[in-house]
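Novice: Residue strings, one per chain:
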Amino acid sequence: MSRFSDLGNALYSGERSINFVGRRKIWYSIASVVVLLAVVLPILQGGFKFGIEFRGGSEFRVSSVANQSQDIAKSAIKAVVPAEDPSITVIGTNDLRIQTNQLTATQSEAVRQQLATGYHINASAVSSSFIGASWGADVTSKALAGLLWFVLLAAILMAVYFRTIKMSAAAITALIHDLVVTAGIYGALGFEVTPAAVIGFLTILGYSLYDTVVVFDKIRENTFEVEHSATATFAERVNLAINQTLVRSINTSIVAVLPVAAILFIGAVFLGAGTLKDIALSLFIGIIVGTYSTIFIAAPIYSHLREGEPKYKSAAAKVLAAR
Amino acid sequence: MAKNNALRGARKRLTWLMILILGLAALIEGYHLAGRNASFTPQLALDLQGGTSIILQPNLVNGSKLQDGTLEQAVAIIRQRVDATGVSEAQITTQGTGDAAVIVVSIPGKPDDNTLKLIEASALLEFRPVLAESAATNTAVGGSGSASASPSPAPSSAPLATSSASPTNASDLNWIDKATQSKYDALSCRKTATSIVADFRNPGQVDDPSKPLVTCNRDGSVKFVLGPVELSGTDIADATAGTTSTSTGASTNEWAVNLSFKTEGAAKFGKITQRLYPLSSPRNQFAVTLDGYVITAPQTNAVITNGSAQITGGFTSTDSKALSNQLKYGSLPIGFTVQSQENISATLGSAQLANGLLAGAIGLLLVIIYSLFQYRGLAVITIGSLAIAAVITYLMICVLSWRQGFRLSLSGVAGLIVAIGITADSFIVYFERVRDEIREGKPLSAAVQAGWKRAWRTILVSDGVSLLAAVTLYVLTVGNVRGFAFTLGLTTVIDLAVVVLFTHPILEVVSTWKFFQSGGRFSGFDLKAASSGYIGRGHFKVAETVSDARLKKSSKESARRQTIAERKAAAVSGSDSNKEGGN
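Protein chains in written order, with the numbering used here: chain A, 1 to 323; chain B, 1 to 583.
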């Protein structure tokens, strides 16, 4: 069997152990810096760039063209606004619809001329208009309400299952960290926020909690009646649980990240699949951050919150005195 | 004996899995053969397949202006109505500005009449008392003049009111002044050949709620004079579709829409029925109008104060579902006419879908390679489980796109690819738990059972969180988010089913095989030697890489960290490994 499996054995027995819980000050500091950067960097970038689905944009309609090649439209748009990635649809049999981010009046006029030249038609056959947001305020407000309810219900579910509200508190702190950091990296890279990216963030939300619950379930098992143990303190048992599930955490995150990475790198870079790029990026960052935060944030915070409880404190004092 | 029981249980569960898969396939095939639109290819969403773009123009009567926010409000209501018909991820936007603004609804596939009606109907529901009614004078030839649920009208067209005194309540016949009377006399509920709806109303006609209304029922067989509006759609708290039941509680085949009023509406409704109940026919009837047409005009048989009512009117099941959706989400703030309806192509070409699928396939291949490297022989089970999950997911998507209007979009495809990881985690958690049990010194079969018990708890609670996310978001959100929640919920349930019905029983079966029991290099369970690393045979193994001092320290630490169970297990596995040393 591979060395990795030996590592698994060693971590399980405690023969090798990484002190996740004890070094929490380091992890807290790293998290604070990262969160700060995640807030500051997108602001330096000029805030999040929202896509046409959120802000609305310009729409051009080219009527009765003989050649419906989308490439002509694409290069016409790029000639005026190089950074634009238009969405092009064939309407009916020979009309084209081209949607872009909102353009200025001058740009719109230039695009009309370019389209007319490109398709060899009269400029009067190209109409331009403004298009409203398809992801309107109603969708956003409903999504936010759904999100808040979900977090609340998940917190209650965890508190009931684990019989302590402190696990919910730790898990949700890690969750907020994940969302801020994922959104921050996304914004810092200057990617456009699209509905697909938002879907990606929501997936991260589910994944982050899922991952935390798996590790917390092992912590629950290990810390059961630890106050009667003569050999280990609460914090040590929490740390053991993280180490024992470390191989699983690594395996799961690799298996989850591989398909996403394939979409992101192979799909977007070499094959040019536009929509997949944004969802894959938010998932790629989110899965890694979600796994990381369970180990370095959620579990240490949980131990931090509980080890000060009188029963664990006195038990730990006895254990340490006996060493 | 226990082992045999476990095996029998395993076989039973595998049989159930076969029944599930074959059942789903048979369901689709059966309905496909029966000529329904069930099919083994799922329906694709707007971005992949294109669809129809419907432009709705607001009806502005007499040069009136559009108020700010009216269109946005209409978009929100239309979105909810469309969402209520299934998970189709329609796109609804406004286009243009000022009075030239229109709403563009893009939906996958070709909309039928019902869908169009659902989108454009204002669904303005009003309750008005009946003042007079008679058979329509000029019903078109060949029209289905029968099948009206309203009581047969008294054929009278004699002048109804002569007094010019002002009316005292909504049922007062004094509402019928000269103008109303002549309108009523002249009204013919003529129908056109193409529409079931009478065309005596102008498109976008707006009626004054405080004035009487002269109108017909939907099939044009009866005409009415109605009093002013006493109750409207805004007084409705909820609307559901269902079949009516007889006094004995047996369900009939007649479709109806059940309404429950808000507190205020219930009080109003109670007062109306109280006033109408003692009146003579036809004035003891109240008419329910939808966008100006009478859909039903039942007699008041009792004073209703509990705030619920049922509307019948020769509905089909589709009619009543559409109507209940319209009523539930409210009427549109303004009427619309369909200006144009055009086919639109997919925004993402088939090339994009192919690229996405190729990337997904490569990702899947990487997962297979990684799990072979990690789990050796066990990888066969991982790959098998993923394959089974893929088959069930595909079949479920086919079933749901036929039953629920589910449409697969490119981000939906991405969501499914991502679900590979989350599904695989269940197997990983399970395998790691089994390995843990082996490390504790249990023989393979026992380790599988004990590991399953612990892993099952973890899988259940973690999938529970995912499912909670899916259900909450599905119930509370609209549009794309709802589509995502649907996919998430689907894959989570399938994950649970595959783990229980395939992964666990298969592992139970193979754990009786020599190949896996031997814990050979390629079995994925080659752990025993290593597990005793800190006690017996593994000693020299560790010494190869770790200095003596470090070893002493770490073995002391490990002893300190052991749980009672671990120590017992260590003692057992220590003796085990001694025995094995002879092999």
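Hints may contain errors.
Unchecked claim - Stretch-level coverage of chain A by chain B, calculated; a stretch enters the list once three of its residues show a Cβ under 8 Å from a Cβ in chain B: (1) 33 to 44; (2) 120 to 126; (3) 142 to 151; (4) 191 to 204; (5) 256 to 265; (6) 277 to 290.
Stated by the list, open to error - Listed next, the in silico DMTMM-like pairs over lysine to aspartate or glutamate satisfying Cα-Cα at most 20 Å (straight line): (7) B:Lys262 with B:Asp238; (8) A:Lys313 with A:Glu192; (9) A:Lys277 with A:Asp138; (10) B:Lys442 with A:Glu221; (11) B:Lys110 with A:Asp95; (12) B:Lys110 with B:Asp319; (13) B:Lys328 with A:Asp138; (14) B:Lys183 with B:Asp207; (15) B:Lys268 with B:Asp238; (16) A:Lys74 with A:Asp85; (17) B:Lys117 with B:Asp83; (18) B:Lys453 with A:Glu227.
By construction, these hints were calculated from the structure, which means they are not laboratory data. Beta carbons are placed, not taken as given, at the ideal position from N, Cα and C, and that holds for glycine.
Novice: Next step is simple, just say for each hint if it's right about the structure.
Specialist: Hints and how they fare:
no.	hint	in the structure
1	33 to 44	violated (count 0)
2	120 to 126	violated (count 0)
3	142 to 151	holds (count 7)
4	191 to 204	holds (count 6)
5	256 to 265	holds (count 8)
6	277 to 290	holds (count 4)
7	B:Lys262 with B:Asp238	8 Å, holds
8	A:Lys313 with A:Glu192	50 Å, violated
9	A:Lys277 with A:Asp138	26 Å, violated
10	B:Lys442 with A:Glu221	19 Å, holds
11	B:Lys110 with A:Asp95	18 Å, holds
12	B:Lys110 with B:Asp319	19 Å, holds
13	B:Lys328 with A:Asp138	17 Å, holds
14	B:Lys183 with B:Asp207	14 Å, holds
15	B:Lys268 with B:Asp238	16 Å, holds
16	A:Lys74 with A:Asp85	8 Å, holds
17	B:Lys117 with B:Asp83	15 Å, holds
18	B:Lys453 with A:Glu227	25 Å, violated
Hint compliance for this structure: hints 1, 2, 8, 9, 18 are not met, and every other hint is.
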